[in-house]
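*Asks:* Got chain A; can you put chain B on it based on the hints?
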Amino acid sequence: MSVSHEPTAEAETTEIIDSEVSLEFLNRIPGGIFKYHATGNFELDYVNMGLVHIFGCDTVEEFKELVGNTFKGMVHPDDFDIIEREIYEQTESTGSAHVKYRIFRKDGEVRYINDYTRYAMDSDGKTWFYATILDSTEEMLSHQNNLDQLTKVMNRSGAMVKIDEMLSKGHGPCTLILIDLDDFKYINDCWGHPEGDRVLKRLAEHITKIIHREGIIARWGGDEFIVFAQGLDECATLNRLIAGLVDTPFIELRKRDSNEIYFPTISVGTVSSPDSDVTLGELYKQADRALYRGKSFGKACACLTSINEADSDDAQMHIIRGFTNQGFKSSWNLKRHNVLIVDDSAMNRELLKDILEDDYNIIEASCGEEAIRLLEVIGTDISIVLLDIMMPGIDGFEVMEIMKARDWISDIPVVTISADSSISYMQRAYELGATDYIGRPFDANIVRKRVANTIMLYAKQQKLIDLVTEQIYDRETNNTLMILILSHIVEFRNGESGLHVLNISTITDILLREMKFRGLLDDLDQSDISRIVTASALHDIGKIAIDEDILNKPGKLTDSEFAKMKEHTVVGDEILLHLPFQSDAPLVKTAREICRWHHERYDGNGYPDGLVGNEIPISAQVVALADVYDALTSQRAYKSAYTHEEAVDMIMNGECGQFNPLLLECFYLVADSIKEQLSEDYESSFKERELRNALDEITNKLLDADLSSFRIMSALEQISEDLNK
Amino acid sequence: MNVDACSEQALRKAYATIDGDYESVLARMITPERVTKFLKMFAKDGSYDSLEAELAEGNRENAFRASHTLKGTAREIGLVALGDAASDVCEALRPESGASLEAAEKLMPPVRQLYAQAISAIESL
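Residue numbers (this note's numbering), protein chains in the order written: chain A, 1 to 725; chain B, 1 to 125.
Here chain A stands alone, though its shape is the one from the complex (with noise of 0.2 Å):
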């Protein structure tokens, strides 16, 4: 802080000063003294040196050339407009204000000001501003005052002074994250005060173990909290961060009378900025309006925008749902149908929502992309989809056609609207997968009871379709249980975990319906994915004519060894190639591709063909990532088991080479259901453990018999039946 204890040689100033005051009392002030005009530009009349000295001048005259002696020129360009208003606000109800801003220095840094204004007129009624300013740069930056004394995270004052910073000087992307606690009265108020500080305070704790190192993060005040983070753009990290804020229960509420349990959600609204050439105030603006769009979408909802767009209302955002309170009516969460209307005109919306929102809750949307987004956030959990035809953009056979490409259409069904009942449309809109249509006008009994229909119908269809599934699949169990045994071989020379094949198949079958679901493989219908899951237990059969030796080694391959094993990929795809029967059947096919190709990497850098990009067929690509993850999160000859969330950050973090990044994206979302499902595998009946126990004795035998492999085979195939009795 800049003090003036020396007198100052300042005698030719010819500044009016209250007679009773010497100008020197005044220039030993500390702290900035000055006087200035109510009206017009703000113009200075007195400055005392401390002023002088607060923007670093040495003479009241270099002082006056700084900031054109005006009030205005003091002040940040940025912060003038605010605390006009701000000074005008507060003195019209006390007479003086108290405000705080920014300036320059003469030598260009960046100072905080504290300002105490008081209004006057003088006899003559002129009107002035007498102001006492302080430099509190100190104590911004000063770390105790900056923290929020609850959470221990930043307050929202510290935040701003260091955002602004890091946005002066930084460069590059940032990202601005707004989060906001659902429900925070309700919590209050129903689980006392001293739960909801518990609250708060173990979201900043989450907050915190979550962005980790990425970015600040500071309270905002109330239940709002934000984070800033630089060089964090658009991407799959921030997916990542952001899935793991919202799809975490940070804290539990427990009633201890009764069994009462209550997680409480947040909402999130991001803004990405390509540029660090953007003000804290644009950004915070942005964010919110995303937190404002994805708390439409219901509770625990994130919103990412970006900011060129977060201003449309059509804008591209990305929506992140959390996890959901089971034990609390978050507005998804009602047992009632999700109705989504997709029409154009809000009039025709508004009349379909009067007469359905009584019975269902109703989602929006106004074009066909905004459907076709909400579809692929909420799925299934949308009953009915009440389709527009004529829209600008993408119409309503447009979305048929993708909902139809992504393989939606079976279990959502789409009733469509139009005033146009002509044959060729209605035609058109039932070739597409439309399940009914309702004209125009619309009356209100007929549409109640044609979606609740609909909704009835889809709902028994489903019980047939599992029903017949689970046939099938008994059927198909026979078939893929010769794969297993074959592969189940090959692990037993490698000394892998029995699960391993069943694993890869797991893993390869959540991500590759992951990717469905999310419209990335419009190309492969559901044949061709349950077609690579079984084929993706044969990945390592080419090990079979690897030496055990090299298999098995527990320390670290050489390069000669290293090479020899590279071939498994090489031999396993030569192997099915010789096949004597049914080489170019398409499950053989497929298995080619990813016995040769499941250690190829997307930036070519993996084996034997170095293939990039999609040159790997998807295939290869899902499966080398399930062979990663399987083989991070089990135990080996050369290395302990890696835990869930290390393999995770390894795999998302390229330390295991390069993926596809949607393959990447996807994994990163179904993670904590591919844990999930591995684990229940592994749990699963004591009976297909015996079974595998069986198999080892079998195996075990069969290799020490050296058997021809026709001999295998039928041997295998034997017991297979004998197994299946």
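Check each hint, because a few of them may be wrong.
Pairs of lysine-lysine residues, derived as DSS-like cross-links and limited to a Cα-Cα distance of at most 25 Å, are as follows [unchecked claim]: (1) B:K37 to A:K449; (2) B:K40 to B:K13; (3) A:K353 to B:K44; (4) A:K162 to A:K209; (5) A:K353 to A:K209; (6) A:K353 to B:K40; (7) A:K162 to A:K106; (8) B:K37 to A:K353; (9) A:K566 to A:K675; (10) A:K675 to A:K209; (11) A:K106 to A:K185; (12) A:K72 to A:K100.
Now the in silico label distances, taken between C-beta atoms and shown as ranges [what the hints assert, rightly or not]: (13) A:N605 to B:D49: 57 to 65 Å; (14) B:G58 to A:H212: 55 to 63 Å; (15) A:S424 to B:S100: 21 to 29 Å; (16) B:A10 to A:D358: 22 to 30 Å; (17) A:S424 to B:R112: 25 to 33 Å; (18) B:G58 to A:E401: 24 to 32 Å; (19) B:E8 to A:P274: 57 to 65 Å; (20) A:S424 to B:A10: 36 to 44 Å; (21) A:G613 to B:S100: 46 to 54 Å; (22) A:E376 to B:S100: 40 to 48 Å; (23) B:Q113 to A:G222: 52 to 60 Å; (24) B:R112 to A:G439: 22 to 30 Å; (25) B:E8 to A:G222: 46 to 54 Å; (26) B:N59 to A:S424: 21 to 29 Å.
Residues on chain B that point at chain A, a partial pick, calculated with CB under 10 Å [said to hold, decoys possible]: (27) R28; (28) M41; (29) F64; (30) T69; (31) R75; (32) E76; (33) G83.
Quick caveat, the hints were computed from the structure, so don't treat them as lab data.
In this text, all values refer to a predicted model and were calculated from it rather than measured experimentally.
From the three backbone atoms N, C-alpha and C, an ideal C-beta is built for every residue, glycine too.
*Replies:* Okay, now just chain B, sitting in the frame of chain A:
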């Protein structure tokens, strides 16, 4: 909103002056409250304005969509005559119709007149 007998009377009268079909609207919408709500909403709906604007711009595809929406919403609230007039414009604008933009424009006067009548009747409610 509570519509008493008196204002239902007004509603009937309004429908009579604009050649609308109150009985069938009421049958579909079930309550007079809902009818009034959507009449008011119709008066604020932008499809008529955008039809005029798109025609003036010569933007056929958008004009077609606007006329289609106008036709639909007008019929929705039982403005039969307006719906029919809008339908004529809509059919002329339909990409497959082969009619010129000018031909469609020639069908606009009845739409304009009926729309203006409808709006003033709705505003009198």
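*Asks:* Hint E76 (chain B) vs chain A: min CB-CB distance below 10 Å?
*Replies:* Since the shortest Cβ distance to chain A is 4 Å, the answer is holds.
*Asks:* Is the distance from the Cβ of R112 (chain B) to the Cβ of G439 (chain A) consistent with 22 to 30 Å?
*Replies:* holds (28 Å)
*Asks:* Against the range 24 to 32 Å, how does the distance between the Cβ atoms of G58 (chain B) and E401 (chain A) compare: consistent or not?
*Replies:* Roughly 30 Å apart at Cβ, these two residues keep to the hinted range, so it holds.
*Asks:* Range hint 40 to 48 Å: satisfied by the CB atoms of E376 (chain A) and S100 (chain B)?
*Replies:* holds (42 Å)
*Asks:* Quick one, are K162 (chain A) and K106 (chain A) close enough, alpha carbons at most 25 Å?
*Replies:* holds (22 Å)
*Asks:* Hold the hint about T69 (chain B) up to the distance rule: shortest CB distance to chain A must be less than 10 Å.
*Replies:* Holds - the Cβ of T69 (chain B) comes within 10 Å of chain A, reaching about 5 Å at its closest.
*Asks:* Could you check if G83 (chain B) really has its C-beta closer than 10 Å to a C-beta on chain A?
*Replies:* Since the shortest Cβ distance to chain A is 9 Å, the answer is holds.
*Asks:* Has the given pair, K37 (chain B) with K449 (chain A), been kept, meaning a C-alpha gap of at most 25 Å?
*Replies:* Distance ~23 Å between K37 (chain B) and K449 (chain A) Cα, so the pair holds.
*Asks:* Within 21 to 29 Å: is that where the Cβ-Cβ distance between N59 (chain B) and S424 (chain A) falls?
*Replies:* Check passed, 25 Å falls within 21 to 29 Å.
*Asks:* Go ahead and decide if the range 22 to 30 Å is satisfied by the Cβ distance of A10 (chain B) to D358 (chain A).
*Replies:* Holds, since A10 (chain B) and D358 (chain A) (Cβ atoms, about 27 Å apart) stay within the stated range.
*Asks:* Holds or violated: 57 to 65 Å for the Cβ distance of E8 (chain B) and P274 (chain A)?
*Replies:* For P274 (chain A) against E8 (chain B), whose Cβ atoms are near 59 Å apart, the range 57 to 65 Å holds.
*Asks:* For the hint on R75 (chain B), just tell me whether its beta-carbon gets within less than 10 Å of chain A.
*Replies:* Since chain A brings a Cβ to about 5 Å from R75 (chain B), closer than 10 Å, the hint holds.
In summary, the structure is inconsistent with hints 5, 9, 11 from the numbered list given earlier, while agreeing with the others.
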